[in-house]
Amino acid sequence: MNNYQRIVFPLFVVVMAVLPTLLNPRWQAVAITFLIFSVVALSQDIVLGKAGMFNMGQALFFGMGAYITAILNYKFGWPILATIPLAILLPALFGIILAGPIVHLRGDYLLVVTIGFNIVFVQVLQNNLGGVTGGPNGIFGLDSLSLFGAKLTSQLAVYYFAFAVLLLTLWVMRNLEKSKAGRALHYLREDQLAAESIGINTRIYKVFAFGLGAGISGLAVTVYATQYAAVSPEAFEFIVSVLFFSIVLVGGSSIPGVMLGVFVMFVVPEIFREFATWRYFVFGFAMILAMILRPRGIWPATFGKIPKYLIKGGSHGA
Amino acid sequence: MDIFLQQLANGLTIGSMFALVALGYTMVYGVMKLINFAHGDMVAASAFVGLTVYTQVMGQATSLAAVVVIFLLTAAIMACVGIVLERVAYRPLREAPRLSAVVSALGASLVIQNGIMLIWGPRMKIFPELVPQVYWDLGGVVISLIQVLILGLSLVLMVGLYLFVEKTRMGAAVRASSIDQDAARLMGINVNSIIALIFIIGSSLGAIGGLFIGLYYRGITFNMGWQYGLYAFIAAILGGIGNIPGAMLGGMLLGLFNAFIAGYVSSTWADAFTFILLIVILIVRPTGLLGERVAEKV
Numbered sequence: 001m002n003n004y005q006r007i008v009f010p011l012f013v014v015v016m017a018v019l020p021t022l023l024n025p026r027w028q029a030v031a032i033t034f035l036i037f038s039v040v041a042l043s044q045d046i047v048l049g050k051a052g053m054f055n056m057g058q059a060l061f062f063g064m065g066a067y068i069t070a071i072l073n074y075k076f077g078w079p080i081l082a083t084i085p086l087a088i089l090l091p092a093l094f095g096i097i098l099a100g101p102i103v104h105l106r107g108d109y110l111l112v113v114t115i116g117f118n119i120v121f122v123q124v125l126q127n128n129l130g131g132v133t134g135g136p137n138g139i140f141g142l143d144s145l146s147l148f149g150a151k152l153t154s155q156l157a158v159y160y161f162a163f164a165v166l167l168l169t170l171w172v173m174r175n176l177e178k179s180k181a182g183r184a185l186h187y188l189r190e191d192q193l194a195a196e197s198i199g200i201n202t203r204i205y206k207v208f209a210f211g212l213g214a215g216i217s218g219l220a221v222t223v224y225a226t227q228y229a230a231v232s233p234e235a236f237e238f239i240v241s242v243l244f245f246s247i248v249l250v251g252g253s254s255i256p257g258v259m260l261g262v263f264v265m266f267v268v269p270e271i272f273r274e275f276a277t278w279r280y281f282v283f284g285f286a287m288i289l290a291m292i293l294r295p296r297g298i299w300p301a302t303f304g305k306i307p308k309y310l311i312k313g314g315s316h317g318a
Numbered sequence: 319m320d321i322f323l324q325q326l327a328n329g330l331t332i333g334s335m336f337a338l339v340a341l342g343y344t345m346v347y348g349v350m351k352l353i354n355f356a357h358g359d360m361v362a363a364s365a366f367v368g369l370t371v372y373t374q375v376m377g378q379a380t381s382l383a384a385v386v387v388i389f390l391l392t393a394a395i396m397a398c399v400g401i402v403l404e405r406v407a408y409r410p411l412r413e414a415p416r417l418s419a420v421v422s423a424l425g426a427s428l429v430i431q432n433g434i435m436l437i438w439g440p441r442m443k444i445f446p447e448l449v450p451q452v453y454w455d456l457g458g459v460v461i462s463l464i465q466v467l468i469l470g471l472s473l474v475l476m477v478g479l480y481l482f483v484e485k486t487r488m489g490a491a492v493r494a495s496s497i498d499q500d501a502a503r504l505m506g507i508n509v510n511s512i513i514a515l516i517f518i519i520g521s522s523l524g525a526i527g528g529l530f531i532g533l534y535y536r537g538i539t540f541n542m543g544w545q546y547g548l549y550a551f552i553a554a555i556l557g558g559i560g561n562i563p564g565a566m567l568g569g570m571l572l573g574l575f576n577a578f579i580a581g582y583v584s585s586t587w588a589d590a591f592t593f594i595l596l597i598v599i600l601i602v603r604p605t606g607l608l609g610e611r612v613a614e615k616v
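Sequences listed follow chains A and B, in order.
Those letters in the first sequence? Residues 1 to 318, per the working numbering, in order.
Those letters in the second sequence? Residues 319 to 616, per the working numbering, in order.
Same shape as in the complex, but just chain B (with noise of 0.2 angstroms):
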């Protein structure tokens, strides 16, 4: 019992972090039809950004306000190289053969990737500890100031992503691009300045998961990008990609598999199960567990 608690309070951690950076895919996803590849990577590249704002701009404090500082400016600047890499990579390739745009995700990922290690260099570096290192011990069960902080926060956005796309009039817009994007242009939405706060959402939110990276494993290197990048575009589709929602359970579902397999079965083996689960997924109901039936068109 005690490792059933313990894996589920891991689980959940993990799992939250997979749904942040998921979100990013499955929004992208919902409106551009595009596997946004280099997503993962700009989760690394965040973690690295954390690493580089926490000793040079903040002077390696660690107080509440410059944690939250730390947070909000690597955010700002993920979000910024989002947009750029909207428009450097998939902007001109809006009307190209899908596979023309996968394989430019795929590019800007390779760039992306290299780019951390070409600045960062290629040996893993350490996440500063910017919260302290705080235990409660429930029974046998050790939760970490830093698990309740991840999961508490990841809630708290997912919540609040979760209100403004679905009761805003901006929301509306977004969720009208994802259904039919020529429709919703005769209905006078601006898809491109959609597709860019999509992009700013997803990347600072992706960020904020890179952030959690750092804090919870500690270790961060260049190409960790497609590792987390993975589980949490499976995260996406075991949701239903392009649903929001779908993708905080998937995620949280994602997490708490992987807990426990890695809990009862063999750490080495969480991989291949994970793929496995989701092949199974996808052979039964590939539209994911909250997404809809599409009907075909011809």
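Here chain A stands alone, though its shape is the one from the complex (with noise of 0.2 angstroms):
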């Protein structure tokens, strides 16, 4: 964990820092896919791995961060950046609402239901609930950044400010590790009885859980929205929220795992582009080996400085 800290976390920060220096066009784009797909799955992390809850509805909090980005750029002419505080706080709000009258759910249950929400979300979209969200085709053409007036149009400008908001997660996840709702949170998905024995309440803390990674999620989305200049509802069907729900679980919902996770899922294949058709077939089958071979994931997940000979079986916080 120390060495992990102090040489590989650096060593990750200059790689990324001078990366997109090297890369022609395309593969830039694949590097700000990445950054933003890898803070998307962390939002996700927190949920599913920090707090222990099968959620399968990620897409539905990014999906609505993206919303909220493109129809303030595109109907009300918001510079992208000002719309970042409302898609930030709007899907943690949703997030907090929603997750109110379900997180006493168990399991299984709790993954269904989370399943319903995007489903009906993505079924608002295409409806065009409201005439703001352009049916099936989604929202075209939104604007550039732009910083005080002066457009970064630039695929650097972006990629940097992808990489700030991955550094901002990679933050936000550290302290939250720290912290007393961190270890709370850890409690609550080892053995929900016995935490709320020792007095944490563990209601608030779910909801919370949730409305953080709504919130991460949506800030994310603001720079996809940006990437692509559309939204559209397909980019967020239930789908999309199973390949980040199989993700955080094959990575083990460590840092570095979740990221393995987003490259061989989203990076990987633009190198064997060529069999793009076999893509999900290989998946399917590495999710199939992956869980076999390493049940609790790739890079399974620690926390805390316990002593390993107080640990039993030396599986601890997987």
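Just so you know, these hints were derived from the structure itself, not from any lab.
Hints should not be assumed to be uniformly reliable.
[Unchecked claim] Derived, one-sided and incomplete: chain A residues facing chain B with beta-carbon distance under 7 angstroms: (1) Asn127; (2) Phe281; (3) Phe285.
[What the hints assert, rightly or not] Calculated lysine to any residue pairs in the SDA-like style (CA-CA distance at most 20 angstroms, straight line): (4) B/Lys351 to A/Thr277; (5) B/Lys443 to A/Thr277; (6) B/Lys351 to A/Leu105.
Think of the CB as a built atom: it goes at the ideal place given N, C-alpha and C, for glycine as much as any other residue.
Assembly of the complex is requested from the two constituent chains, each provided in isolation within its own frame, with the hints serving as guidance.
Dropping the structure here:
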């Protein structure tokens, strides 16, 4: 853990900072996608990995963030950066409102309800409720980034914007792990009853996890909306939630594991483009194989600094 | 009133297909406590297998005997696929954390869905007209032979399954395994073969459901499994997951609900209404309509 913080993380930051200057535009776009989806996957990790709630509807929250940015920019002419506060707050608020009545549901029931939310959301978008979502085609032609009136049209600007968002997310996750809320979520995940009996208000913390995850993913897709200059319902179908759900669990719900999952899911297919039709067929097998060989994920998360000899079976926190 | 009766007939037809597929979910869930996400894709695959059996094996014959053979052969093939699925994707994860098995199920779903796409291509296929297009006009309500067949055969299968589970020794072993696997093992029940049996029954019922979907809707696509699978899974939850009569009831109710929403409100909102119904039911009565209240295990 220490080695990781001292060497690997700074190395990662440096590499990612100089990376775009070495890439051609196509790979810059891939790198931006990687950054955005890393943030989304980490936001899913807060709900699924850290708090242990079976959430299979994360696409709802990041879809909402994307649509808020798109609608404010396209219909009301707000600059992209000005939409960020609302793109974070509204999904977070919505996450809290939706999670409120359902967090007491256990395991698979919660999973099904979150799938349900996701599907209702996509249908609302497709039916163009309120006439602002653009129906099945979505919204095209968003502005590019601009700061104090200066247009930042290059991909590099989008890249560094996405990179900043990722660093911010990593900072939030690190603080979360060291804070009261993070410990509460961890106990909650390990044993809800025990957590309650030592005075943790599990309901509040579960809703909090949903709100935080929704807010972070809302922020991530502000970049997404800028990058593609468009949003459409099929980008937020529940199959997308399934992908992020799988990424977190196959990765092992640790930060490096989750990012490795995003890399395999979204960057590797770009290398093997001619085999695009085989993509999900191969991923399906990989998911089964990964779970059989490493049921706790490829890079299982650990929690806190508990000495090894105190841990029964050595599988603590995963 | 005409719309009402017409949608009643349509709803019962769709409902019996949901119910057949839901049985596969509910039986697997009952014993393994696992959402078999691949089941919907198995259903989709069976429609394609049926299509191939029809064109390659039966030489496009549509006599009654040929149709019976197509149904039996497809069900048998899918039962084998079901056993392989359980062996490869689920058995190694029996003792693993719950979520690992869920991911494995999702992986299996992707494999089957994209396997269909790689074998039969990404485009919609037209399912053959195995049953003659006969319609009866009963005073404004039109009922087709296909609808009667689907409803009748589904009811027969469901009653048969119910009797099997409730009245036979093997059925008792299935029930015992779903209450407590360890206790069942201590009573000398081979839980592994019960699970295999469940996959055989669930997959072949799903296969018949898939053939019905092909017969009724005609157009079949490689990714339709998620859609029908989710509906069937909702049906299983509505009735109380793990509960076999519950899945039948849930399927019928969901079919009716769907048909009436499509008839009276709007078909573009049918999914949303269905899921809102599901969410409300789960919030009010999480164990479903026929599910028993399970005491919290400490």
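Consistency of the hints with the structure:
1. Contact between asparagine 127 of chain A and chain B, as hinted, is supported at the beta carbon level, the nearest pair being about 6 angstroms apart and thus within 7 angstroms.
2. Against a cut-off of 7 angstroms between C-beta atoms, the interface hint on phenylalanine 281 of chain A holds, since the closest Cβ of chain B lies about 4 angstroms away.
3. Look at phenylalanine 285 of chain A: its Cβ gets to within about 6 angstroms of chain B, closer than 7 angstroms, so that hint holds up.
4. Between the alpha carbons of lysine 351 of chain B and threonine 277 of chain A the distance comes to roughly 33 angstroms, so the proposed pair goes past 20 angstroms and is violated.
5. Between lysine 443 of chain B and threonine 277 of chain A, the direct Cα distance comes to roughly 18 angstroms. Compliance with the 20 angstroms bound is thereby established for this hinted pair.
6. At roughly 16 angstroms between alpha-carbon atoms, lysine 351 of chain B and leucine 105 of chain A fall within 20 angstroms of each other, so this suggested pair holds.
In the structure shown, a violation is registered for the earlier hint numbered 4 alone.
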